[in-house]
Structure formats: structure tokens, C-alpha cells
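Participant: Sequence:
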Amino acid sequence: VAAAMASDAHAARRIALVIGNSAYSAVSPLTNPKNDADLMTKTLQSVGFEVTKLVDADQRTMKQAMLDFGRKLRDGADASLFYYSGHGVQAKGENYLIPVDAAIKDEGELDLQTINVNAFLQVMDNASSKVNIIILDACRNNPFASSLRSATRGLTMLNAPTGTYIAY
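First residue of the sequence shown? That's 92 in the working numbering, and the numbers climb one at a time after it.
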């Protein structure tokens, strides 16, 4: 992706939101997401992306960054990229990104303590970007498996809007 974007000679507006969550308080911390977010940020900036990077974000910070990202996209962007590294779960056919402060005791709490990927896709869909890229580098082990009845290992396929590319 980065090489293809780098070859574009004109000054297209490229906006990225990068999140790397490692320091979880209620579940086992992860080693790589912070480093992954640092590398993605550096790489994206080298090919002309305006990057907002979050490391070890709580739910409020993640939601605010996603809201701000959507507003920037609506202001005009030729390409958008969302990268997430950290814990993620699938339950009842929906994908959820886990903030570092989540302490999920029951499946009914997912919507209240996490970020639903489908809701965020709507934010990206409402923008006029020519290309939307979503990279979900979520840990495949469900840290809340004992609390979530319908959760399965890994994330489910998403129905993305036209012009959206998703990588897992």
C-alpha cells in the first residue's frame, strides 16, 4: 500500500488514524501493538499521510479520535487509512476493538465498553474519500472468552462500503 501511495506524484490529501493498544489493565498486556503503531506511523508519514497516533488509548480517547478522524475525512481526503493493533473480539457477528480500560464481565457490556467496528465503518462511509483502507491487526486470542457466550476466535468478515479495502 505504502509503495503505491508513494508513487502518486500529486499532493493528494491522505489521512490516517493509527491505534496501538498494549497496556491493558483487566486482561493480559500485549507486547507488539505500541511498536506496530510507531512503525505504521513512520511509514505512513513517509508517503505523505497526515497521521493521528494513539498508544494505549482508553475508550473515551479512542471514540474522540474516531470522531475527529471522521470529521477530517468529511472536510476532504483522497485516501483514508485506519490501523488498529491490540485486542479485538467477535461476538454475534460483530467485531469489537478493545480499549485498554475495558473490563468486560458480560457479553451485554460489549457495546458499552468497546468500539464496534461496524459503527466506525459508517463514519468512514459518510466521507467522500476515494479510497478507504482498514487494517485490523487484532490479537486472535479472546481475552474475555469466559465472559462472552457467542464470541469466537478471530474477527468476522465485514461488509464494507464500495472503495473500502480491509486487511486482517
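I should point out that these hints are in silico values taken from the structure, not numbers from a laboratory.
For clarity, every value in this text was computed on a predicted model and none was experimentally measured.
Wrong hints could be hidden among the right ones.
No more than 25 Å apart at the CA atoms, straight line, and that leaves these computed lysine to any residue pairs for SDA-like [to be verified]:
hint: 1; residue 1: Lys221; residue 2: Asp149
hint: 2; residue 1: Lys221; residue 2: Thr134
hint: 3; residue 1: Lys144; residue 2: Ala114
hint: 4; residue 1: Lys125; residue 2: Asp166
hint: 5; residue 1: Lys183; residue 2: Lys144
hint: 6; residue 1: Lys125; residue 2: Asn217
hint: 7; residue 1: Lys163; residue 2: Tyr256
hint: 8; residue 1: Lys133; residue 2: Gln155
hint: 9; residue 1: Lys163; residue 2: Arg104
hint: 10; residue 1: Lys183; residue 2: Lys163
hint: 11; residue 1: Lys133; residue 2: Arg162
hint: 12; residue 1: Lys183; residue 2: Asp166
hint: 13; residue 1: Lys163; residue 2: Val118
hint: 14; residue 1: Lys154; residue 2: Ser219
hint: 15; residue 1: Lys154; residue 2: Asp202
hint: 16; residue 1: Lys144; residue 2: Asp169
hint: 17; residue 1: Lys133; residue 2: Gly161
hint: 18; residue 1: Lys196; residue 2: Glu185
hint: 19; residue 1: Lys163; residue 2: Lys196
hint: 20; residue 1: Lys125; residue 2: Cys230
hint: 21; residue 1: Lys133; residue 2: Val222
hint: 22; residue 1: Lys144; residue 2: Gly167
hint: 23; residue 1: Lys183; residue 2: Ile226
hint: 24; residue 1: Lys133; residue 2: Leu158
hint: 25; residue 1: Lys163; residue 2: Gln150
hint: 26; residue 1: Lys125; residue 2: Ser219
hint: 27; residue 1: Lys163; residue 2: Gln213
hint: 28; residue 1: Lys196; residue 2: Cys230
hint: 29; residue 1: Lys163; residue 2: Val146
hint: 30; residue 1: Lys133; residue 2: Ala156
hint: 31; residue 1: Lys163; residue 2: Cys230
hint: 32; residue 1: Lys163; residue 2: Val214
Per label pair, the in silico range of CB-to-CB distance [to be verified]:
hint: 33; residue 1: Lys221; residue 2: Ser137; range: 14 to 22 Å
hint: 34; residue 1: Asp159; residue 2: Ala114; range: 20 to 28 Å
hint: 35; residue 1: Ser119; residue 2: Asp169; range: 37 to 45 Å
hint: 36; residue 1: Ala194; residue 2: Lys221; range: 17 to 25 Å
hint: 37; residue 1: Ala258; residue 2: Ser137; range: 30 to 38 Å
hint: 38; residue 1: Ser116; residue 2: Ser219; range: 32 to 40 Å
hint: 39; residue 1: Ala114; residue 2: Asp197; range: 21 to 29 Å
hint: 40; residue 1: Asn123; residue 2: Asp202; range: 33 to 41 Å
Quick reminder that beta carbons are idealized off the backbone N, C-alpha and C, glycines included.
Participant: Run every hint past the structure and note whether it holds.
Facilitator: Right, here's what the structure says about each hint:
1. Lys221 - Asp149: The given pair, whose Cα atoms are some 30 Å apart, is violated under the 25 Å limit.
2. Lys221 - Thr134: Holds, at about 21 Å.
3. Lys144 - Ala114: holds, 15 Å
4. Lys125 - Asp166: With a Cα-Cα distance of about 29 Å, the restraint between Lys125 and Asp166 is violated, given a limit of 25 Å.
5. Lys183 - Lys144: violated, 30 Å
6. Lys125 - Asn217: The hint is violated at about 29 Å.
7. Lys163 - Tyr256: With Cα atoms ~19 Å apart, Lys163 and Tyr256 stay inside 25 Å; holds.
8. Lys133 - Gln155: Measuring from Cα to Cα gives roughly 22 Å; hence the hint holds.
9. Lys163 - Arg104: holds, 10 Å
10. Lys183 - Lys163: Roughly 31 Å separates the two Cα atoms, so the pair is violated.
11. Lys133 - Arg162: Roughly 23 Å between the alpha carbons, so the hint for Lys133 and Arg162 holds.
12. Lys183 - Asp166: violated, 34 Å
13. Lys163 - Val118: Status violated; Cα separation ~33 Å.
14. Lys154 - Ser219: holds, 21 Å
15. Lys154 - Asp202: holds, 12 Å
16. Lys144 - Asp169: holds, 19 Å
17. Lys133 - Gly161: holds, 21 Å
18. Lys196 - Glu185: Holds - the C-alpha atoms of Glu185 and Lys196 are around 18 Å apart, at most 25 Å.
19. Lys163 - Lys196: violated, 35 Å
20. Lys125 - Cys230: holds, 13 Å
21. Lys133 - Val222: holds, 20 Å
22. Lys144 - Gly167: holds, 20 Å
23. Lys183 - Ile226: Holds, at about 21 Å.
24. Lys133 - Leu158: At roughly 23 Å apart (the allowed maximum being 25 Å), Leu158 and Lys133 satisfy the hint.
25. Lys163 - Gln150: Given that 25 Å is the threshold and the Cα spacing comes to 20 Å, the pair holds.
26. Lys125 - Ser219: Distance ~30 Å between Lys125 and Ser219 Cα, so the pair is violated.
27. Lys163 - Gln213: holds, 14 Å
28. Lys196 - Cys230: Cα-Cα ~19 Å, so holds.
29. Lys163 - Val146: At roughly 20 Å apart (the allowed maximum being 25 Å), Val146 and Lys163 satisfy the hint.
30. Lys133 - Ala156: This hinted pair holds, its Cα atoms lying about 19 Å apart.
31. Lys163 - Cys230: violated, 28 Å
32. Lys163 - Val214: Roughly 11 Å between the alpha carbons, so the hint for Lys163 and Val214 holds.
33. Lys221 - Ser137: 14 to 22 Å: With a Cβ separation near 21 Å, Lys221 and Ser137 satisfy 14 to 22 Å, so the hint holds.
34. Asp159 - Ala114: 20 to 28 Å: The hinted range 20 to 28 Å holds for Asp159 and Ala114, with Cβ atoms some 22 Å apart.
35. Ser119 - Asp169: 37 to 45 Å: Check passed, 39 Å falls within 37 to 45 Å.
36. Ala194 - Lys221: 17 to 25 Å: For Lys221 against Ala194, whose Cβ atoms are near 40 Å apart, the range 17 to 25 Å is violated.
37. Ala258 - Ser137: 30 to 38 Å: Hint violated: Cβ distance 19 Å, outside 30 to 38 Å.
38. Ser116 - Ser219: 32 to 40 Å: About 38 Å separates the Cβ atoms of Ser116 and Ser219, which means 32 to 40 Å holds.
39. Ala114 - Asp197: 21 to 29 Å: 24 Å Cβ-Cβ, so the 21 to 29 Å window holds.
40. Asn123 - Asp202: 33 to 41 Å: For Asp202 against Asn123, whose Cβ atoms are near 27 Å apart, the range 33 to 41 Å is violated.
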